[in-house]
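Colleague: Here the protein sequences line up with chains X and W, keeping their order.
Here the first sequence stands for residues 31 to 124, numbered as in the numbering used here.
Here the second sequence stands for residues 378 to 865, numbered as in the numbering used here.
Just so you know, the hints here were simulated from the structure itself, not pulled from any lab data.
The reader is advised that the hints may include incorrect statements.
Claimed, not checked - Keeping only pairs whose Cα atoms sit at most 20 Å apart, straight-line, the calculated DMTMM-like set for lysine to aspartate or glutamate is:
#1 W:K733 with X:E55
#2 W:K733 with X:D51
#3 W:K462 with X:E104
#4 X:K35 with W:D730
#5 X:K70 with W:E680
#6 X:K36 with W:D730
#7 X:K112 with W:D702
Because the structure is a prediction, the values reported are computed rather than measured.
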Amino acid sequence: MAISKKEVRHVAWLARLDLTDSEVEKFTEQLDVILEHAGKISELDVAHVPSTSHAIPLKNVLRDDKVGVCLTPEEALSNAPKKEGQAFVVPRIV
Amino acid sequence: MELYQMTIHELSEKLAVKEVSAKEIAESVFARIDSVEDKVKSYLTLTRDIAMEQAERVDKKIANGEKVGPLAGIPTAIKDVMCTKGVRTTSGSKILDNFIPVYTATAVQNLLNEGIVMTGKTNMDEFAMGSSTENSGFFTTRNPWDLERVPGGSSGGSAAAVAAEEAIFSLGSDTGGSIRQPAALCGIVGMKPTYGLVSRYGLIAFASSLDQIGPFTKDVTDCALVLNYLVGHDSMDSTSVTIDKPDYTKSLINNLKGVKIGVPKELMTEGIDSDVKKAVENALEILSKNGAIVAETSLPHLEYGLSAYYIIAPAEASSNLARFDGVRYGYRVPDPEDLMDMYMRTRSEGFGDEVKRRIMLGTYALSAGYYEAYYGKAQKVRTLISRDFSRAFEEFDVLVSPTSPTTAFKIGERVADPLQMYLSDICTIPVNLAGLPGISVPCGIVNGLPVGLQIIGKALGEEMLLRVAYSFEQSFEWSEKPRLETRD
Chain X
31 MAISKKEVRH
41 VAWLARLDLT
51 DSEVEKFTEQ
61 LDVILEHAGK
71 ISELDVAHVP
81 STSHAIPLKN
91 VLRDDKVGVC
101 LTPEEALSNA
111 PKKEGQAFVV
121 PRIV
Chain W
378 MELYQMTIHE
388 LSEKLAVKEV
398 SAKEIAESVF
408 ARIDSVEDKV
418 KSYLTLTRDI
428 AMEQAERVDK
438 KIANGEKVGP
448 LAGIPTAIKD
458 VMCTKGVRTT
468 SGSKILDNFI
478 PVYTATAVQN
488 LLNEGIVMTG
498 KTNMDEFAMG
508 SSTENSGFFT
518 TRNPWDLERV
528 PGGSSGGSAA
538 AVAAEEAIFS
548 LGSDTGGSIR
558 QPAALCGIVG
568 MKPTYGLVSR
578 YGLIAFASSL
588 DQIGPFTKDV
598 TDCALVLNYL
608 VGHDSMDSTS
618 VTIDKPDYTK
628 SLINNLKGVK
638 IGVPKELMTE
648 GIDSDVKKAV
658 ENALEILSKN
668 GAIVAETSLP
678 HLEYGLSAYY
688 IIAPAEASSN
698 LARFDGVRYG
708 YRVPDPEDLM
718 DMYMRTRSEG
728 FGDEVKRRIM
738 LGTYALSAGY
748 YEAYYGKAQK
758 VRTLISRDFS
768 RAFEEFDVLV
778 SPTSPTTAFK
788 IGERVADPLQ
798 MYLSDICTIP
808 VNLAGLPGIS
818 VPCGIVNGLP
828 VGLQIIGKAL
838 GEEMLLRVAY
848 SFEQSFEWSE
858 KPRLETRD
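Isolated chain X (complex conformation):
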C-alpha cells in the first residue's frame, strides 16, 4: 500500500477537507492505485538532473512604484458571502 486510511485522513485534514468514512475508504483505494502508478518515476536515477519548475525560465518582473488602477472596496467585497462595512466577516476566532 502506498497510502493508508490514516494518511488519507491526515492529508484531508491538512487540505481542510472533511471526509466521511465511506469517502476515506474510496479515496484510499483510488489514491493508492494512482500513487503506485506515479511511483514509476522512482525507477529513474535523477540524482544529477536539475529540476524544472516552470516550462519557461522565470525572472523577477518589477514595475515602477506608482499608484495604479485597482479594485474599489465595493468591487473587492462584491462576491463576499458575508461582509460588514469594508470588511469580510468570518466566524469568531478567539
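With chain X's structure known, arrange chain W on it following the hints.
Modeller: Only chain W this time, still in chain X's reference frame:
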C-alpha cells in the same frame, strides 16, 4: 448553407461586403442553440442579451464605414474558467456557483476589443480537472457525434459548442490536453499555444506552470486568425512572454517541401487503439505526399510523463485551490460553528470528488517525508522529458502522434477508475510538461467517431505547426459532421 455552419473567414468576408449583418449571424447561432442545446448541453450560461448588443455595435461600426477586423461580429463561446466581468463564472464548480467577476481575463478582453459576440460560458470539468466533462459540478456535456459519449475534457463544453455549430469558435484551456483531446473527440481543430504566449490573467488557475488558453475552431485558417488576437504580452501575467508577434495567417502554406516530421514511437505503440493508429498512419502518408520527410524518433522518458504530471499538476492545484475557503467569494456553508468548521465544510460541500482527489494527491506529494520522493523527483523527470523534446527538435521541425489513444468513450465508462481516465491524456500531457505548442486536427473517422492528429512544435513554433496542419487539412477529405438533427 446556414450562417451558423460557416467559418470565421467565410462570415468575415460576408460582413465586409455587407451581405449579412452581425445581428443576422448572432440570430442564426442562437436559433441553432435553441434547436440543439437541450441535447448537447454545451453551455452553463447563455449571454443572449449581451451578444445582441455586441452584434448591434459591430453593425453600427460597419454602417458608419469604420474598419473592423476579421473577428468582429463572430459568435464566440468562452470556457467558464475565464473571468468575464458581470457574467457568472463558475469554473464548473458548485463552490463558484454565484461568482460574478469584477474584471475580464486578458485573453477574452483581447477578443472583445476585436468585436466578438459572446454567446455564453461553456461547461467544463470542475476547475479543469478531467478528461470527459463528467466532473462538471452541474451536468455532463454530450458528444455531438454520439450523445451517449463524452465530448472529452476538460474543455468539453467549448469543443461540443463548436462541433454542434452552437458557436463559430470558442476558447478553452489546456493543462494536460484539455483543448487538444476534446478537439480530437469532437472532430474539430484545437490548439494549445506555447506556454506564456497567451496571457493567463483572469484564468482561474488549476496548475499554473502548465495551464494555457487556446482556441477551438472549425478549420486551421480560423485557428490562425484567432491566434493573431489572442497572443500578446500582458504585464498582468508575470509568465507572459514578449515576442514580435507574427501574422499567423501567413503560415497557411500548402507546401511541406523539406519539412522534417518525427513520429515518436512511444506514442504509436502500447495503449493506442489500432484503428486510431491506422488513421494517423494514413495522415503521415498524406504529409509525405505533400513533401514532408517523415521518420520515426524516440522520446525515451515519455513513459514517465503521466506519472510526473499526476504529481506536479495536483501539487500546484492543492496550492491554487487553497483560496477557496468561503471568506472572500464563492460558497460558504451556512451557520459555521467556528472558522475551522467553516473551512472544512465549505470545501467539502463545494468541491466534487475529482477536485478533492487531486487536492489530496497534491497535499500528499508536497508533505514532509514524501516531497523528495514525489514532487522533487517529478520536477526532475520534467527536465528529462524537456531534454527528449529538445533532442528530437534538433532533427525534426515538428512531431506527430495521435491526439487521444481512443475515440470518444461512453459516458460513465471510466468514472469509477481515475487512473484509466487519466490515461486519456497520455499523448498530450508531455507537451504541457515541456511548455510546447500542440494542435489537433481531424484525421479520420472510426465507427462514426472522429480521430485527431496531434502536431507538436518547438517552443514558439506556432507558425510551423499551422503550416503542417494547414497542408494536411487541404489534402484530407473532411466533410463529415455530426448529424444532430436526425437524433432524438
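Colleague: Work down the list of hints and note, for each, if the structure agrees.
Modeller: Now for the hints, and whether the structure bears them out:
1. Proposed proximity of K733 (chain W) and E55 (chain X) is supported: the alpha carbons are some 14 Å apart, at most 20 Å.
2. The straight-line distance between the Cα atoms of K733 (chain W) and D51 (chain X) is roughly 15 Å, inside the 20 Å bound, and the hint therefore holds.
3. For the given pair, K462 (chain W) sits about 14 Å from E104 (chain X) by alpha-carbon distance, which is consistent with the 20 Å threshold.
4. For the given pair, K35 (chain X) sits about 17 Å from D730 (chain W) by alpha-carbon distance, which is consistent with the 20 Å threshold.
5. Our distance criterion of 20 Å between C-alpha atoms is met by K70 (chain X) and E680 (chain W), whose separation comes to about 9 Å.
6. The hinted pair formed by K36 (chain X) and D730 (chain W) meets the criterion: a straight-line CA distance of about 19 Å does not exceed 20 Å.
7. The suggested pairing of K112 (chain X) with D702 (chain W) holds, with an alpha-carbon distance near 13 Å, which does not exceed 20 Å.
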